[in-house]
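Trainee: Note that the protein sequences, when read in sequence, are chains R and H. Mapping of the first sequence onto the numbering used here: position 17 corresponds to residue 24, and the numbering continues sequentially without gaps. Mapping of the second sequence onto the numbering used here: position 296 corresponds to residue 555, and the numbering continues sequentially without gaps.
Some clues are possibly wrong.
So the derived list for chain H, only partly shown, Cβ under 8 Å to chain R, looks like this [to be verified]:
(1) E293
(2) W317
(3) G319
(4) T331
(5) L334
(6) S335
(7) E337
(8) D343
Distance windows between CB atoms, simulated [stated by the list, open to error]:
(9) H:P470 to R:D86: 49 to 55 Å
(10) R:R70 to H:P526: 49 to 55 Å
(11) H:S350 to R:G15: 20 to 26 Å
(12) H:Y605 to R:D10: 40 to 46 Å
(13) R:G57 to H:P326: 28 to 34 Å
(14) R:M8 to H:W452: 57 to 63 Å
(15) R:Q45 to H:R454: 48 to 54 Å
(16) R:G15 to H:P326: 23 to 29 Å
(17) R:R70 to H:S350: 28 to 34 Å
(18) H:H514 to R:D40: 55 to 61 Å
(19) H:P470 to R:A33: 58 to 64 Å
(20) R:Q45 to H:H514: 49 to 55 Å
No wet-lab data here; the hints were simulated from the structure. Virtual Cβ for every residue (Gly too), placed ideally from N, Cα, C.
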Amino acid sequence: MADLHLPGTLTPLFAGLPRRMDVDAATVGEVIDRLEEQWPGVRDRLCEPGPSLRRHIHVYVDRERANLETPIESRARVDVIAAISGG
Amino acid sequence: MGRTLLLVGTRKGCFLFESDADRRDWTIRGPFCEGWPVYHAVHDPSSGAIYAAAASEWHGSAVWRSPDLGETWALSSEGLAYDDEDGRKLSKVSTLAVKNGRVLVGVEAPGIFESRDGGESWSLLSTLEGQPGSEMWDDPANQPPGHLGISALAFDRDDADRFWAIVQGIGLFETTDSGTSWAPRNRGLRADWPRPHEDVGFCVHKFVRAPSDGKRMFQQNHVGMHRSDDEGHTWTEITEGLPTEFGFAAAVHPHDRDTFYVIPLDPGHGRTMPDGHAAVWRTRDAGSSWHRLDRGLPQQDAHVGVLREAMAIDSDDTPGLYFGTSTGQLFVSTDEGESWNEIASYLPAISSVEVAQID
Numbered sequence: 008m009a010d011l012h013l014p015g016t017l018t019p020l021f022a023g024l025p026r027r028m029d030v031d032a033a034t035v036g037e038v039i040d041r042l043e044e045q046w047p048g049v050r051d052r053l054c055e056p057g058p059s060l061r062r063h064i065h066v067y068v069d070r071e072r073a074n075l076e077t078p079i080e081s082r083a084r085v086d087v088i089a090a091i092s093g094g
Numbered sequence: 260m261g262r263t264l265l266l267v268g269t270r271k272g273c274f275l276f277e278s279d280a281d282r283r284d285w286t287i288r289g290p291f292c293e294g295w296p297v298y299h300a301v302h303d304p305s306s307g308a309i310y311a312a313a314a315s316e317w318h319g320s321a322v323w324r325s326p327d328l329g330e331t332w333a334l335s336s337e338g339l340a341y342d343d344e345d346g347r348k349l350s351k352v353s354t355l356a357v358k359n360g361r362v363l364v365g366v367e368a369p370g371i372f373e374s375r376d377g378g379e380s381w382s383l384l385s386t387l388e389g390q391p392g393s394e395m396w397d398d399p400a401n402q403p404p405g406h407l408g409i410s411a412l413a414f415d416r417d418d419a420d421r422f423w424a425i426v427q428g429i430g431l432f433e434t435t436d437s438g439t440s441w442a443p444r445n446r447g448l449r450a451d452w453p454r455p456h457e458d459v460g461f462c463v464h465k466f467v468r469a470p471s472d473g474k475r476m477f478q479q480n481h482v483g484m485h486r487s488d489d490e491g492h493t494w495t496e497i498t499e500g501l502p503t504e505f506g507f508a509a510a511v512h513p514h515d516r517d518t519f520y521v522i523p524l525d526p527g528h529g530r531t532m533p534d535g536h537a538a539v540w541r542t543r544d545a546g547s548s549w550h551r552l553d554r555g556l557p558q559q560d561a562h563v564g565v566l567r568e569a570m571a572i573d574s575d576d577t578p579g580l581y582f583g584t585s586t587g588q589l590f591v592s593t594d595e596g597e598s599w600n601e602i603a604s605y606l607p608a609i610s611s612v613e614v615a616q617i618d
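Given these sequences and hints, build the entire structure.
Mentor: Dropping the structure here:
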């Protein structure tokens, strides 16, 4: 189970998508799979075709930089950050 | 009384300006599209929908749509990607064209996607494969800064299978079979650089077609203004009389095939109006002579630029002209460019201005 935290740039794009939720998943990729099931289109906003994480979407699992294959231990905190770009 | 709607795409979202038919007093709504950079926003008169091509640095490219003139918005990028095995990457959606509910979007790397369900899903229509040199368009070694893409699309008025596309730095192309085959339309254009292929290698910034005579086209090129009297098959340069040969925006009068507007810019790195004096230039004789129009425009320290899609003209008997700057000013003329009013001063950088007239 992941303690998922999403960026404020993402949640306005999908009705009912909260900033924080619990997600039952074994990897970061599975977290995005679970989101996609409930909010179709989320994957496109976080991933490029391949898939891989978009360049300016950074994911951290328990404060360590992660990718789609990174495993999630029980009660791991997963932060999705809209990073670097802006201004 | 009819309504006039300006669709203004900016670096921080889409804005809508609305006025009555007098076009004197304007109300503003926005920013829409969650503040995403919007490169082009258009209105579909047949459905009433607004579409906005946008590309977020964080969340990628998508086309936003509003079925109710901006009250509600949704976005989609379903199908808006090259196949994994294709090797190309869609990095930006740049330009839109809409006709009878069919929506086209031009993208980088060069390709055209279409939607036939009101922007809910997209499919690849054409990459102009087979055009001279097209195998090199996606080679990073051949990309200028900003990369190549489809920078403009325009439908024929009557035939929805016929449209034109600009490939950035390559030229203008026409299809009459909905993108199955293409023909370059660059004969007579100038290019001040080596070109490996005779028919392509031209830097077409903007082209417009006279509503009153479809054979008449004008284009602002990287090097010069040009006119065509045969639907783009051949071009004649008409730069003489303008302060520079460079610019992006252009508009053609809705009722007079010989009247055409441009905004010349300094061709150097600045790409702003020459000497800090803002002006639109007009020809009434198809480019034989040019007249400077600057009443109401800033004439001191106005180092402003105007991008490709950032000038529009409506279809009134006395047409209104509109342009937005890369520093966020929006100007309106209701007397064919003779005088101008600044109706917004502090918008984000403006990428596009389109006008819709709604009953």
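Trainee: Taking the hints in turn, state whether each one holds.
Mentor: We went through each hint and held it up to the structure:
1. E293: 5 Å, holds
2. W317: 4 Å, holds
3. G319: Constraint on G319 (chain H) satisfied, holds at 6 Å.
4. T331: 11 Å, violated
5. L334: 6 Å, holds
6. S335: 7 Å, holds
7. E337: 7 Å, holds
8. D343: Result: holds, 5 Å to nearest chain R Cβ.
9. H:P470 to R:D86: 49 to 55 Å: 53 Å, holds
10. R:R70 to H:P526: 49 to 55 Å: Given about 50 Å between the Cβ atoms, the range holds.
11. H:S350 to R:G15: 20 to 26 Å: Holds, since S350 (chain H) and G15 (chain R) (Cβ atoms, about 24 Å apart) stay within the stated range.
12. H:Y605 to R:D10: 40 to 46 Å: 41 Å, holds
13. R:G57 to H:P326: 28 to 34 Å: 33 Å, holds
14. R:M8 to H:W452: 57 to 63 Å: 60 Å, holds
15. R:Q45 to H:R454: 48 to 54 Å: Since Q45 (chain R) and R454 (chain H) have Cβ atoms about 52 Å apart, the given range 48 to 54 Å holds.
16. R:G15 to H:P326: 23 to 29 Å: The hint (23 to 29 Å, Cβ to Cβ) holds, given that G15 (chain R) and P326 (chain H) are roughly 26 Å apart.
17. R:R70 to H:S350: 28 to 34 Å: 31 Å, holds
18. H:H514 to R:D40: 55 to 61 Å: 56 Å, holds
19. H:P470 to R:A33: 58 to 64 Å: 60 Å, holds
20. R:Q45 to H:H514: 49 to 55 Å: 53 Å, holds
Violated hint: 4 only; the structure is consistent with all others.
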